[in-house]
Each structure stands twice: as structure tokens, then as C-alpha cells.
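Chemist: Take these sequences, add in the hints, and give me the full structure.
Protein chains: 2
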Amino acid sequence: MPLKFRLLATDSETGARAGVVSVRGVEIETPCFMPVGTRATVKALDPDDLRAAGARIILANTYHLYLRPGADTVAAMGGLHRFMAWDGAILTDSGGYQVLSLAERRAIDDDGVTFQSHIDGARCRFTAESVVETQEALGSDIIIPLDECPPAGASQDDVTRAMRRTTAWLDRSIAAKRREDQALFGVVHGGLFEDLRREHAAEITARDRPGYTIGGLSVGESPDIMRAMARIAATALPIDKPRYLMGVGTPEDLVACVAAGVDMFDCVMPTRNARNGMLFTSAGRVQIKNAAYARDEKPLDATCDCGTCRRFSRAYLRHLFMVGEILAMRLLTIHNVSFYLALMRAARRAILDGQYATFMRDRLVREANVIPD
Amino acid sequence: MPLKFRLLATDSETGARAGVVSVRGVEIETPCFMPVGTRATVKALDPDDLRAAGARIILANTYHLYLRPGADTVAAMGGLHRFMAWDGAILTDSGGYQVLSLAERRAIDDDGVTFQSHIDGARCRFTAESVVETQEALGSDIIIPLDECPPAGASQDDVTRAMRRTTAWLDRSIAAKRREDQALFGVVHGGLFEDLRREHAAEITARDRPGYTIGGLSVGESPDIMRAMARIAATALPIDKPRYLMGVGTPEDLVACVAAGVDMFDCVMPTRNARNGMLFTSAGRVQIKNAAYARDEKPLDATCDCGTCRRFSRAYLRHLFMVGEILAMRLLTIHNVSFYLALMRAARRAILDGQYATFMRDRLVREANVIPD
Chain B
4 MPLKFRLLAT DSETGARAGV VSVRGVEIET PCFMPVGTRA TVKALDPDDL RAAGARIILA
64 NTYHLYLRPG ADTVAAMGGL HRFMAWDGAI LTDSGGYQVL SLAERRAIDD DGVTFQSHID
124 GARCRFTAES VVETQEALGS DIIIPLDECP PAGASQDDVT RAMRRTTAWL DRSIAAKRRE
184 DQALFGVVHG GLFEDLRREH AAEITARDRP GYTIGGLSVG ESPDIMRAMA RIAATALPID
244 KPRYLMGVGT PEDLVACVAA GVDMFDCVMP TRNARNGMLF TSAGRVQIKN AAYARDEKPL
304 DATCDCGTCR RFSRAYLRHL FMVGEILAMR LLTIHNVSFY LALMRAARRA ILDGQYATFM
364 RDRLVREANV IPD
Chain S
4 MPLKFRLLAT DSETGARAGV VSVRGVEIET PCFMPVGTRA TVKALDPDDL RAAGARIILA
64 NTYHLYLRPG ADTVAAMGGL HRFMAWDGAI LTDSGGYQVL SLAERRAIDD DGVTFQSHID
124 GARCRFTAES VVETQEALGS DIIIPLDECP PAGASQDDVT RAMRRTTAWL DRSIAAKRRE
184 DQALFGVVHG GLFEDLRREH AAEITARDRP GYTIGGLSVG ESPDIMRAMA RIAATALPID
244 KPRYLMGVGT PEDLVACVAA GVDMFDCVMP TRNARNGMLF TSAGRVQIKN AAYARDEKPL
304 DATCDCGTCR RFSRAYLRHL FMVGEILAMR LLTIHNVSFY LALMRAARRA ILDGQYATFM
364 RDRLVREANV IPD
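Protein chains in written order, with our numbering: chain B, 4 to 376; chain S, 4 to 376.
Not one of these hints is a red herring.
No distinction is drawn between identical chains; accordingly, a pair holds when it is met within one copy or between any pair of copies.
30 Å max Cα-Cα, derived DSSO-like pairs, lysine-lysine:
hint, residue 1, residue 2
1, LYS46, LYS301
2, LYS7, LYS180
3, LYS46, LYS292
Worth flagging that the hints you see were computed from the coordinates, not collected in a lab. Bear in mind the structure is a predicted one, so any value in this text is a computation, not a measurement.
Modeler: Next comes the structure, spelled out in C-alpha cells:
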């Protein structure tokens, strides 16, 4: 059993869950957020920054690592943990999402996906088997099988066809899997169709995986529909396995989807927004370029104990951002990642205290606040 | 006395000096290298990175800070140390060097320099008095008066005229100075003319400053001439004051100029080269993009104990650099800055041990080694 999950508490009012995922000796308290380390680095951060922010697990992208430096190179360097000097846990995605996003440059068939590299146009192919093999070379702790993610607005027929393909690819992934120390999750689709969500959940959970991924959400639908579908999808999954909602989302999305019974999240939002100067704070969103901060001695967020808020003023951060200094990228990313991780820790405490409904109402108002420019 | 200097040893064979500069309670062992923190950050590093590398003093650029965020903003934020959260010492230059580099966009007269901002073309003016005032607002520990730096190849008449102006501006700077907690150095010119170097040194040292800056070198002349002139210029200065050679240089330049009796250095080379993927190591220079490092598990420099060499392989650093990750900039800069600071510490030990000539011969061969691509 490469992955263990202990469910510690379920909030009776909302369905929010608190637990612990254990992989490779790493204990990950859930609900958890996984910072995105696309190319074997969470952009602008090093492993010490991640540890200081409280991260115990990160996500890395198979598609990007497959292209550069190549999974064989990562394997030759002792695997992803050693390559990037990260002693926490790592989840890799299948690469399918990135490949399918290539639009004109990919063709999907029952056996896999053929695509052109976005870097040099080289012709590449992913199959259920090759994606498992690549992730075995990368050596991540949790691996995701190739799936077909239909676009938002896909018809019931298209969604059903993608479900069948995803199930067939899961079976082939299980058969292809060699390493015993990696947990292969199952991916559940069904688009925005309630009955298909339940049907596919039954199909995938019959394969008894150590965890389940809710796929095909946050692809363009409204936040309300996404959150409602997340609840339907999560409720259809077994209670004794972790549930991972891919690519979600804003702080409000996380708070709402924890209530839907989701345990694990990843999203580029905290890191990407930081690089664009948009910060999440306990008082709402902040645009650091705002002239009001030019001589503001206060930290970004007085309630935050991250390495940025402990050391630097808004005035300094604004200066670094306005002149385009590299340090701005790192300091702002440290804050946003710390904010997301602290939000998940606070959610977990509220669940354990039986106060999640109150916590959620408070946060859904507060997080959506945009501090006026 | 805002600055104290204790000379601990002078190498009898070479003239290299070991000492301690004390400012604002900070003890700086000399010879020392000052990483360049142009816009209130040493590019890609934070204050913890600088401390870990062993830096006790950095340089910041008055010209750049005058333009953004403005010296008044830095003053309102409690001065440069507090603004950038740096508890070590800070030297600011006069801004004259940057202004004079603007070529077509500046005009010099006996009273100062009029120039156009490189950012928005705004018309600005620096005078001897305004430059002192700006540095008093910045609150650095060591300040440099406005000087005129003639270009390489300037005639004896032009160099003499620049010397006279530099001396007059020093007198006006001394008269304008209000703060008691900043050390105003004197700048010595004389171009590549031995007699003018000695003449100007006599003129400037008559003003009894707490330290002296050797200006007008490393502006295009050959390394041999630069080193020879540095020795002439340094020898003409009093032994009981620190000697600062502006803008120099390569590791070999530093080793040679320490032998010339120089105590303090600054240069953008370690930081700029790091961002371009060129690293200094004990075995010579390394281009990290070299394909030979793609699967090289060794640290950049096995003899280096910096945060980069302790944690990461050449393969990982090459990957980060090749894909353009922000973390590459920081990790490579940490190494190069650590290398320069370690080189100065090693030079100091050799001086104190009476072994500087041997140290220098060894290093001049070793540092110039370029590891073949």
C-alpha cells in the first residue's frame, strides 16, 4: 500500500472532511493544497521556501518534464525528489490535460494522443502505458492515468465516449504499472451531467484505486455549477479514499469545494497571480502596483506569518514589482502560496472543531473582497 | 567618527592588506567584496541569501534609487536598511558614473550634471550638494561625492580638468554634509597618468576623509594597465584608511588588486554573469548550459558550501536555466556571490598567514581557467 488515508472527521452540516494522506513516509494533512511545480520547481520558489510555507506535497507536470529535461534524465538523476531536492511528496499529472489543450496540434484516438511539442514542433505520442512509464521514471508518489477531458459544453454522447475511453485507459494503466511504491489514482469524468458523474464514479471506483481524481471541472463552467458538480462527484466516491479536484481554484472555490467533500487541490492561481502582482490577503485581494502602497510600511497581510510578511513592507514589494526585480516574483509567490496553505490549515481546524459551516460563510464573504484600487 | 578602520596586517612581499572596517556597529573584514544591489536588492537575492553568503556590506546605486522609488520615498520608509530589510552595511555611489554613461543625454558643467532619465526622459540635475542630500535621504553608511570620471584615453588636459572639478565638488560635498552617521569618502582620479594619480591623491587626502575611492579605472583599459594603475593609486593613499576600487572586476582582478593594496571592491560581474549562466568555480569558469552537465549529479563546485552547491546538482541547475525558470537566476547568483565572498575571505587568511604571494600565483592561474564547452 504506497498510500494510506485516515479520515479523522467529517463535518455533519457541510460534509467537509479532515484527514491524513501518508505517502513515502510523508504525512499530508487534508484538506490540502498542492502548489504547482510545473517544470520541477514551483516558479520562483526553492524547497526551503515551500517547507517554510507549510507545503508537504507539490504537483509537477508530466507533459513539461517529458519534453524538458526528459523523464529519462530525471530518472538518471535519481528521480524527481532528488532532482529538485524536495523531501515532501509529489503528485504528477498524466500530461493529458496539457496535450489536449494543444488544440490544432493533437489528435486523439482509442489508443492515445499524438501531438506536436509546443517547443519545437516535434511529433510525440502519449498512450495509457507510456504515461505510466513516464511517471514511473519521474518517480513521483501519486500518479495519474491518461484520461480524456471533454471541453465545457460537450454533448452527453461526447462525454459518455470520453468516460468509456478514460475507463479503458485506467484498466490499461493498471496493467502497465510496475512500481509498487507509487499510488495510481482513478480519474472520474461525466461532465456536467449528474447521472453520468454517478455512473462513471461507479465504473472507476470498481477498480479500487488508492485515491480518486475529479476531472473535467473548472474548464469554463460557472463557479456555482463547478461547486455543485464537485459535490455530486465527491459524494459518489468512497469515503475511505482521498478525493482530488484537479485545477481548482480561487480561495472561495477551495472553501466551497472542501464543503463538497474534496480533500486535495492544485491550481496555478496563487503562483501565477503573484507574478502578476495580485495577492490574496485576509482582507481580500490586493494589486501591489496600486499607488496607495508606495509608502505603506505595513506588511501585505498583518495576520500572515510568511517570510514575506514578516520581513517586508508593501512599499518595498511595490517598488520591486514596479521596477521588475526578480525578487518581487519570489516574495509575492511566497505570500500567495503561504496564504493558500494557511487557508487549508484553517479549514482543517474548523472541520475538526465542528465549525466548518461558520468558517465557510465567513471566508466566502471575506475572500471575495477586492480592495479597491 | 561614523567609520573606523583597523589595519591588522600588510603582506610584506605584495603589499596586500587585511583589516576591519566598522560602520553602524557592523564589522566588515577586509579585503571585502560588496555585491551590487542596484535598486535596493541584489538581483534575485534576499537579505537572508546575502547573510548566508557571508556579505556584510552591499552597494546600492543612487542614480537608480533617485529615479525609482525616489530618495524621499526611501527616507519616508525609514531609510535604505529598513526599506530592504538589510541589517548589514550599505555603501551608495554618487550616481555620477551612471549619469555620465548616458552619453548624448547629459551635459556636465562646473556646477553639476544635467541629464535625462533613461526611463521617461525627464530632465534631472545632480550637483555636489544634491548628491550628498540624496544619499543622506537614502541613509547609507558610506557615501560617495559626485566626481567627474573621464573616459579611457582622455588627454592629460582633460584628466586634469576632471581632477580639479572632482576636488572642488568634494569640498562642496563636505560643506553640504549634515548627517554625522555617514562616512563621506574622497574619490581619487588621474586617469592613466602616474604623476596625475599621485598629484590628485595628495589633493584629495589633504581633505582627510574616512576612506578613499580609486576612480576612473576599469573604463576600457587592459587588465594589466588597470592593475598597475591601481597599485600606483593605492600606494599614494594613507595606510590608515580603507581603499575602495570602484567597479572591479574579475576574480583575477580582485586577487591582483588586493596585492596592490586595495581593501574594498564592488562589481556587477558575479550577479550579471550568473543570470547569463556563467559561473565562477574553484576549477575555473563554467557555462551551465553546456550539454555535458545535462546528467551531471555533482554540485557546481565541490569545494563550495553555498546554499546552491549544498543542495542542487549541475543537471538541475542546467535544466532550470535552459527552460528559463526564475529559480535558476537566484541559485546561480547565490553561487557566484558566495564565490566572490569566499575568495575575499581566503585572500584575507592568506594575508594574515603571510602567504599572499603564493595564494595570488595559485589563484591567478586557477581563476583564469575556462572549462571547455
